[in-house]
Amino acid sequence: MDIDLITNILYAMIRTGTPLLIVALGELVCEKSGVLNLGQEGMMLMGAVIGFIVTLVSGSLLLGFLLAMVAGVLMSLIFGLITMELSANQVATGLALTIFGTGLSAFIGSDFVGKPIDGLDPIFISGLTDLPIIGRMFFGQDLVVYLSFILFGAVYWFINHSRPGLILKAVGENPHAANAIGLPVFKTRYLAIMFGGAMAGLAGGYLSLAYTPLWAENMTAGRGWIALALVVFASWKAERVLLGAWLFGLASILHLVFQGLGFSVSPNLLAILPYLATVVVLVILSSNQTRSRLVAPMSLGNPFYAKG
Amino acid sequence: MIKLEPRGERSSTMAYLSPVLAAVLTMLTGLVVFTLLGVDPVEALITILYVPISDTHGLAELCVKTAPILLCAIGLSVAFKAKIWNIGAEGQLLMGGLFGSYIALQLIEAEGFWVLPLVLIAGALGGMVWSGIAAILKVRFNTNEILTTIMMNYIALNVLLWAVHGPLKDPEGYNFPESALFGESALLPILIDNTRVHFGMALALFAVVAVWVLMSRSFYGFQIKVMGMDAGAARLSGFKEKRLAYFALLLSGGLAGLAGVGEVAGPIGQLIPQISPGYGYAAIIVAFLGRLHPVGILLASLLMALLYMGGEMAQISLGLPLALTGMFQGMLLFYLLACDVLISFRIRLKPKKITPTPPSILASDTQG
Chain A
1 MDIDLITNIL
11 YAMIRTGTPL
21 LIVALGELVC
31 EKSGVLNLGQ
41 EGMMLMGAVI
51 GFIVTLVSGS
61 LLLGFLLAMV
71 AGVLMSLIFG
81 LITMELSANQ
91 VATGLALTIF
101 GTGLSAFIGS
111 DFVGKPIDGL
121 DPIFISGLTD
131 LPIIGRMFFG
141 QDLVVYLSFI
151 LFGAVYWFIN
161 HSRPGLILKA
171 VGENPHAANA
181 IGLPVFKTRY
191 LAIMFGGAMA
201 GLAGGYLSLA
211 YTPLWAENMT
221 AGRGWIALAL
231 VVFASWKAER
241 VLLGAWLFGL
251 ASILHLVFQG
261 LGFSVSPNLL
271 AILPYLATVV
281 VLVILSSNQT
291 RSRLVAPMSL
301 GNPFYAKG
Chain B
1 MIKLEPRGER
11 SSTMAYLSPV
21 LAAVLTMLTG
31 LVVFTLLGVD
41 PVEALITILY
51 VPISDTHGLA
61 ELCVKTAPIL
71 LCAIGLSVAF
81 KAKIWNIGAE
91 GQLLMGGLFG
101 SYIALQLIEA
111 EGFWVLPLVL
121 IAGALGGMVW
131 SGIAAILKVR
141 FNTNEILTTI
151 MMNYIALNVL
161 LWAVHGPLKD
171 PEGYNFPESA
181 LFGESALLPI
191 LIDNTRVHFG
201 MALALFAVVA
211 VWVLMSRSFY
221 GFQIKVMGMD
231 AGAARLSGFK
241 EKRLAYFALL
251 LSGGLAGLAG
261 VGEVAGPIGQ
271 LIPQISPGYG
281 YAAIIVAFLG
291 RLHPVGILLA
301 SLLMALLYMG
311 GEMAQISLGL
321 PLALTGMFQG
331 MLLFYLLACD
341 VLISFRIRLK
351 PKKITPTPPS
361 ILASDTQG
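Here the protein sequences line up with chains A and B, keeping their order. If you're matching positions, the first sequence starts at 1 in full-length UniProt numbering and goes up one per residue. If you're matching positions, the second sequence starts at 1 in full-length UniProt numbering and goes up one per residue.
None of these hints come from the bench; they were simulated from the model. The beta-carbon is built from N, C-alpha and C at its ideal position, and this holds for glycine as well. One or more hints might be untrue.
Stated by the list, open to error - Dumping the calculated SDA-like pairs for lysine to any residue here, alpha-carbon to alpha-carbon at most 20 Å:
{"id": "1", "chain 1": "B", "residue 1": "Lys169", "chain 2": "A", "residue 2": "Val283"}
{"id": "2", "chain 1": "B", "residue 1": "Lys169", "chain 2": "A", "residue 2": "Asn268"}
{"id": "3", "chain 1": "B", "residue 1": "Lys83", "chain 2": "A", "residue 2": "Asn268"}
{"id": "4", "chain 1": "B", "residue 1": "Lys83", "chain 2": "B", "residue 2": "Phe222"}
{"id": "5", "chain 1": "B", "residue 1": "Lys83", "chain 2": "A", "residue 2": "Leu300"}
{"id": "6", "chain 1": "B", "residue 1": "Lys169", "chain 2": "A", "residue 2": "Ser266"}
{"id": "7", "chain 1": "B", "residue 1": "Lys169", "chain 2": "A", "residue 2": "Val265"}
{"id": "8", "chain 1": "B", "residue 1": "Lys83", "chain 2": "A", "residue 2": "Ser266"}
{"id": "9", "chain 1": "A", "residue 1": "Lys169", "chain 2": "A", "residue 2": "Leu67"}
{"id": "10", "chain 1": "B", "residue 1": "Lys3", "chain 2": "A", "residue 2": "Phe304"}
{"id": "11", "chain 1": "B", "residue 1": "Lys3", "chain 2": "A", "residue 2": "Ser266"}
{"id": "12", "chain 1": "B", "residue 1": "Lys240", "chain 2": "B", "residue 2": "Ser216"}
{"id": "13", "chain 1": "A", "residue 1": "Lys169", "chain 2": "A", "residue 2": "Asp142"}
{"id": "14", "chain 1": "B", "residue 1": "Lys169", "chain 2": "A", "residue 2": "Pro267"}
{"id": "15", "chain 1": "B", "residue 1": "Lys83", "chain 2": "A", "residue 2": "Gln289"}
{"id": "16", "chain 1": "B", "residue 1": "Lys240", "chain 2": "B", "residue 2": "Tyr220"}
{"id": "17", "chain 1": "B", "residue 1": "Lys3", "chain 2": "A", "residue 2": "Met84"}
{"id": "18", "chain 1": "B", "residue 1": "Lys225", "chain 2": "B", "residue 2": "Leu214"}
{"id": "19", "chain 1": "B", "residue 1": "Lys83", "chain 2": "B", "residue 2": "Ser216"}
{"id": "20", "chain 1": "A", "residue 1": "Lys237", "chain 2": "A", "residue 2": "Tyr156"}
{"id": "21", "chain 1": "B", "residue 1": "Lys242", "chain 2": "A", "residue 2": "Phe138"}
{"id": "22", "chain 1": "A", "residue 1": "Lys169", "chain 2": "A", "residue 2": "Lys187"}
{"id": "23", "chain 1": "B", "residue 1": "Lys242", "chain 2": "A", "residue 2": "Phe304"}
{"id": "24", "chain 1": "B", "residue 1": "Lys83", "chain 2": "A", "residue 2": "Val91"}
{"id": "25", "chain 1": "B", "residue 1": "Lys83", "chain 2": "A", "residue 2": "Asn89"}
{"id": "26", "chain 1": "A", "residue 1": "Lys187", "chain 2": "B", "residue 2": "Tyr220"}
{"id": "27", "chain 1": "A", "residue 1": "Lys169", "chain 2": "A", "residue 2": "Tyr190"}
{"id": "28", "chain 1": "B", "residue 1": "Lys3", "chain 2": "A", "residue 2": "Val70"}
{"id": "29", "chain 1": "B", "residue 1": "Lys3", "chain 2": "A", "residue 2": "Phe186"}
{"id": "30", "chain 1": "A", "residue 1": "Lys115", "chain 2": "A", "residue 2": "Leu67"}
Claimed, not checked - Now the stretches of chain B that chain A is said to cover, found in silico as 3 or more residues with beta-carbon under 8 Å:
{"id": "31", "stretch": "239–246"}
{"id": "32", "stretch": "282–296"}
As the list claims (entries may be wrong) - Quick list of the computed label-pair ranges, beta carbon to beta carbon:
{"id": "33", "chain 1": "B", "residue 1": "Arg217", "chain 2": "A", "residue 2": "His161", "range": "33 to 41 Å"}
{"id": "34", "chain 1": "A", "residue 1": "Ala180", "chain 2": "B", "residue 2": "Val24", "range": "36 to 44 Å"}
{"id": "35", "chain 1": "A", "residue 1": "Asn288", "chain 2": "B", "residue 2": "Gly232", "range": "16 to 24 Å"}
{"id": "36", "chain 1": "A", "residue 1": "Val280", "chain 2": "B", "residue 2": "Gly166", "range": "43 to 51 Å"}
{"id": "37", "chain 1": "B", "residue 1": "Leu28", "chain 2": "A", "residue 2": "Leu128", "range": "54 to 62 Å"}
{"id": "38", "chain 1": "B", "residue 1": "Thr56", "chain 2": "A", "residue 2": "Asp121", "range": "53 to 61 Å"}
{"id": "39", "chain 1": "B", "residue 1": "Gly166", "chain 2": "A", "residue 2": "Ser58", "range": "28 to 36 Å"}
{"id": "40", "chain 1": "A", "residue 1": "Arg291", "chain 2": "B", "residue 2": "Leu59", "range": "36 to 44 Å"}
Make a model of the complete structure from these sequences and hints.
Structural data, given as C-alpha cells:
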C-alpha cells in the first residue's frame with residue numbers, strides 16, 4: 001500500500017464516519033436523559049429529504065442544512081409528545097418513528113430521486129492540508145466534518161464538565177430523585193429528545209447534501225441503527241462515540257481497502273461488513289452483564305409518570 | 001383544559017376500540033393529505049380502500065398479499081407476548097426465500113410430491129437460522145435483540161443480493177439478477193382456479209389457529225405470557241426462561257421464513273432481489289394493531305394487504321407516489337400508540353378553577 005492510498009482511506013474513513021458521529025452524539029445526549037429513541041433512522045431520512053429539496057429549490061446549502069435540522073426536531077417532537085404526554089412505550093414509538101419517517105421521506109422525495117445538486121465542497125487549510133497522511137484526514141474535509149469535531153468537543157464538555165450536563169445525567173439515572181429535588185425532568189428530556197432530532201436531521205442532511213449529493217429512498221441504509229449500537233459500544237461515553245464512529249466509517253469503506261490491496265470480493269458481501277461489525281461489537285460488549293448494567297443510564301427506556 | 005386521569009385498571013373496551021380509532025384517524029388524516037395534494041379526497045379513499053377489492057380478482061389478490069404478512073405477524077405476536085422484540089421478520093423472510101430457492105433450484109428437474117415439502121421446510125429453516133442467531137446472541141451473550149435483528153435484516157438483504165447476482169443467478173438469464181424459474185413440483189398449488197391464491201394462504205390460516213391454540217390453550221403459551229408480563233415471576237415459578245426465549249424467536253423466525261419461501265414458490269416462482277416490499281416491517285404494525293391476538297392479527301393483515309394494494313392503485317390511477325403505503329403504515333402505528341393511552345387513562349375536561357368570592361356582606365363585616 002502506498003502513502004496516497006493510506007491518505008485516501010483515512011480521509012474517507014473520517015468522511016464516512018461523520019454522519020454516524022453526529023447522529024450518535026445526538027442519541028448519546030438523548031439516552032443520557034433516560035430516553036431511548038429508536039427513531040434515528042426515520043429522523044435522518046426526513047433530514048436528508050428536506051435538506052435536499054430545500055437546497056435544490058433555494059440553491060442554498062445553509063438553508064438546506066438548517067431546515068434538515070428543523071425537520072429532525074419536528075420528528076423528534078412527535079416522539080416526545082407520544083412518549084412523554086401519553087406515556088407510550090419508547091421502543092414501540094421509536095420504531096413507529098422510523099417506519100413513518102421512511103414512508104414519509106419516500107413520499108415527499110419521490111419527485112426528486114436522482115436529481116443532481118452541487119454538494120458541499122471541501123475547505124482546504126493552507127499548509128495543514130498538505131501534511132503527509134493526516135493532512136487530508138483532518139484538514140481537507142468539508143465544513144460539516146469540521147463542525148462534527150466541534151460538536152464532539154461541545155457534547156464532551158457538556159456531559160462531563162457542565163452543570164446542565166449534570167442535571168441531564170441526574171434525570172437519566174433517576175428521574176424521581178431528580179424531580180424530588182426540583183430538577184425539571186420533562187423539560188430536560190424534551191430538550192434532549194430535540195437535540196437528538198436536530199443531530200439526526202443534520203446527519204441526514206450531510207448524506208444528501210455532501211456525502212452523496214442526491215436523494216434516494218432509504219439512503220441512510222441503517223446508519224441510524226448503527227448509531228444506536230455505537231452508543232452502546234461507547235458505553236455512553238462521548239470520546240468512545242468518536243472513536244467508534246470513525247472505526248465504523250473504516251468498516252464501511254473497506255471495499256476501497258480491498259480494491260487497493262488487489263482482492264476481488266463481491267460488493268454485496270463487503271456491504272455486510274459494517275452491520276456484521278455492529279453485531280460482533282454488541283456481542284462482545286454485552287456479554288458481561290454486570291458491566292453493561294453499570295454503564296447504561298439507570299432509567300433508560302422507562303417512562304416517567306410523576307406529573308401533576 | 002383537557003386532563004388525563006388514570007383509570008385505575010386497564011379498560012378492555014378501549015384496548016379493542018383503540019385500533020379502530022387509529023384506523024379512523026389515519027383515514028381522516030388521509031383526507032387532509034389528499035386535499036392538500038390537490039386530489040379529490042373522497043375519490044382517493046375509494047381508490048385506495050374499495051377499488052382494489054371491488055371484484056373477485058381483487059379479493060383473490062388480497063389473499064395473495066395477506067398470506068406473507070399474516071405469517072410474519074402471527075409469529076411476531078408470540079415473540080412480542082414474551083416481550084422479545086424481534087424486529088427481524090423482514091430478514092427472516094428474505095432468508096426463508098433464499099434457502100427455499102436454493103433447494104428448489106437444486107431440485108429443478110425433480111418431480112414428485114416430496115419436492116415442495118422439502119422446499120417449504122428449507123424456507124422455514126432459513127428463517128429459523130436467522131432468528132436463531134439472534135436467539136443465541138440474546139440468551140447466551142445477553143445482546144439486545146432489537147439491534148441484532150435489525151442488523152440481520154440488512155445482512156440478509158445483502159446476502160440475498162449476492163446470491164441472486166452470483167451463485168443462484170440463472171446461467172441462461174441474459175445476466176439479469178434472477179434465478180431460473182422453479183420446476184413445476186416446487187411451486188405451491190393454486191387453491192382457487194383462475195386466481196393466484198396459493199397454498200400459502202392455507203398455511204397462514206393454519207398458523208393462526210395453531211398459534212391461537214398454543215397461546216390460549218397450552219401451558220407453554222401460558223408460560224410465554226407470564227414471562228412477558230413479569231420475567232421475575234416466571235423465573236420464580238421455575239419456567240425455563242432461556243428455552244422459552246429460544247422457542248419464541250425460532251417460531252417467529254420459522255413462520256417468517258415460511259412467508260418468504262411462500263412468495264418465491266408462490267406468486268413469484270423464482271428468486272429475485274425484490275421478494276418483499278417490507279412485509280416484515282408491516283407485520284410489526286399488524287401485530288400491534290391486532291393486539292397480539294390471532295383474530296385481531298387476521299383482520300389487521302387484511303387491512304395492511306389492502307393498504308399495499310391501495311397504494312399501487314393510487315399510483316396507477318391517481319399518479320400518487322407508491323410510498324403512500326409506507327407513510328400511512330407509520331401513521332397508523334403512531335395513532336395506535338397515541339390512542340392506547342385511553343386504555344389506562346380517561347380524558348377529563350378539567351373544570352376551570354373556581355375561586356370562591358367571599359360574600360360582600362361578610363367582606364364588609366370583616367372590614368368594618
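Against the structure, the hints come out as follows:
Between Lys169/B and Val283/A the alpha-carbon distance is near 34 Å, which puts this suggested pair outside the 20 Å criterion. As the CA atoms of Lys169/B and Asn268/A are separated by approximately 14 Å, the hinted pair is consistent with the 20 Å bound. As the CA atoms of Lys83/B and Asn268/A are separated by approximately 33 Å, the hinted pair breaks the 20 Å bound. Restraint check for Lys83/B and Phe222/B: satisfied, since their Cα atoms lie roughly 14 Å apart, inside the 20 Å limit.
Distance restraint check for Lys83/B and Leu300/A: the Cα-Cα separation of roughly 17 Å lies within the 20 Å cut-off, and the hinted pair is therefore satisfied. Proximity of Lys169/B to Ser266/A is assessed by CA-CA distance (about 14 Å); at most 20 Å being required, the pair is judged to hold. Proximity of Lys169/B to Val265/A is assessed by CA-CA distance (about 17 Å); at most 20 Å being required, the pair is judged to hold. In summary, the hint linking Lys83/B to Ser266/A is not supported, as the alpha carbons are separated by about 38 Å, beyond the 20 Å threshold.
Taken as a hint, the Lys169/A and Leu67/A pair is broken in the structure, with Cα atoms around 29 Å apart against an allowance of 20 Å. A hinted pair counts as satisfied when its Cα atoms are at most 20 Å apart, and Lys3/B with Phe304/A qualifies at roughly 17 Å. Between Lys3/B and Ser266/A the CA atoms are separated by roughly 58 Å; this puts the pair beyond 20 Å, and the hint is violated. With a C-alpha separation of about 19 Å, the suggested pair Lys240/B and Ser216/B falls inside the 20 Å cut-off, and the hint holds.
For the given pair, Lys169/A sits about 33 Å from Asp142/A by alpha-carbon distance, which is inconsistent with the 20 Å threshold. Under the criterion of a C-alpha separation no larger than 20 Å, the hint pairing Lys169/B with Pro267/A is consistent with the structure, at around 16 Å. In summary, the hint linking Lys83/B to Gln289/A is supported, as the alpha carbons are separated by about 19 Å, within the 20 Å threshold. With a CA separation close to 10 Å, the supplied pair Lys240/B and Tyr220/B stays within the 20 Å bound.
Among the hinted pairs, Lys3/B with Met84/A is consistent with the structure: their alpha-carbon atoms are about 14 Å apart, no more than 20 Å. For the hint linking Lys225/B to Leu214/B, the alpha-carbon distance of about 11 Å falls within 20 Å, and the restraint holds. With a CA separation close to 17 Å, the supplied pair Lys83/B and Ser216/B stays within the 20 Å bound. With a C-alpha separation of about 8 Å, the suggested pairing of Lys237/A with Tyr156/A holds against the 20 Å cut-off.
Proximity of Lys242/B to Phe138/A is assessed by CA-CA distance (about 48 Å); at most 20 Å being required, the pair is judged violated. Note on Lys169/A and Lys187/A: the hinted pairing holds, with a Cα-Cα distance of about 13 Å set against a maximum of 20 Å. Only pairs whose Cα atoms come within 20 Å are accepted, and Lys242/B paired with Phe304/A is rejected, the gap being roughly 30 Å. A distance of roughly 11 Å separates the Cα atoms of Lys83/B and Val91/A; the hinted pair therefore holds under the 20 Å criterion.
For a cut-off of 20 Å, the pair hint linking Lys83/B to Asn89/A stands: about 12 Å separates their Cα positions. Only pairs whose Cα atoms come within 20 Å are accepted, and Lys187/A paired with Tyr220/B is rejected, the gap being roughly 44 Å. A distance of roughly 14 Å separates the Cα atoms of Lys169/A and Tyr190/A; the hinted pair therefore holds under the 20 Å criterion. A hinted pair counts as satisfied when its Cα atoms are at most 20 Å apart, and Lys3/B with Val70/A does not qualify at roughly 29 Å.
As the CA atoms of Lys3/B and Phe186/A are separated by approximately 17 Å, the hinted pair is consistent with the 20 Å bound. Our distance criterion of 20 Å between C-alpha atoms is met by Lys115/A and Leu67/A, whose separation comes to about 19 Å. For the stretch 239–246 of chain B, the proposed coverage by chain A is not satisfied: 0 residues have a C-beta within less than 8 Å of a C-beta in that chain, short of the threshold of three. For the stretch 282–296 of chain B, the stated coverage by chain A holds: 3 residues have a C-beta nearer than 8 Å to a C-beta of that chain, and at least 3 were required.
The given range of 33 to 41 Å is broken by Arg217/B and His161/A, whose C-beta atoms sit roughly 59 Å from each other. Look at Ala180/A against Val24/B: about 41 Å separates their beta carbons, and that is inside 36 to 44 Å. Between Asn288/A and Gly232/B, the C-beta spacing of about 22 Å keeps the proposed range 16 to 24 Å intact. Between Val280/A and Gly166/B the beta carbon distance is about 24 Å. The supplied range of 43 to 51 Å is therefore violated.
For Leu28/B paired with Leu128/A, a C-beta distance near 58 Å keeps the hint of 54 to 62 Å intact. Remark: the range hint 53 to 61 Å for Thr56/B to Asp121/A is upheld by a beta-carbon distance near 59 Å. The hinted window of 28 to 36 Å between Gly166/B and Ser58/A is violated, with their beta carbons roughly 44 Å apart. The hint said 36 to 44 Å for the Cβ distance between Arg291/A and Leu59/B, and at roughly 56 Å that hint is violated.
Hint check: violations occur at hints 1, 3, 8, 9, 11, 13, 21, 23, 26, 28, 31, 33, 36, 39 and 40; the rest are consistent with the structure.
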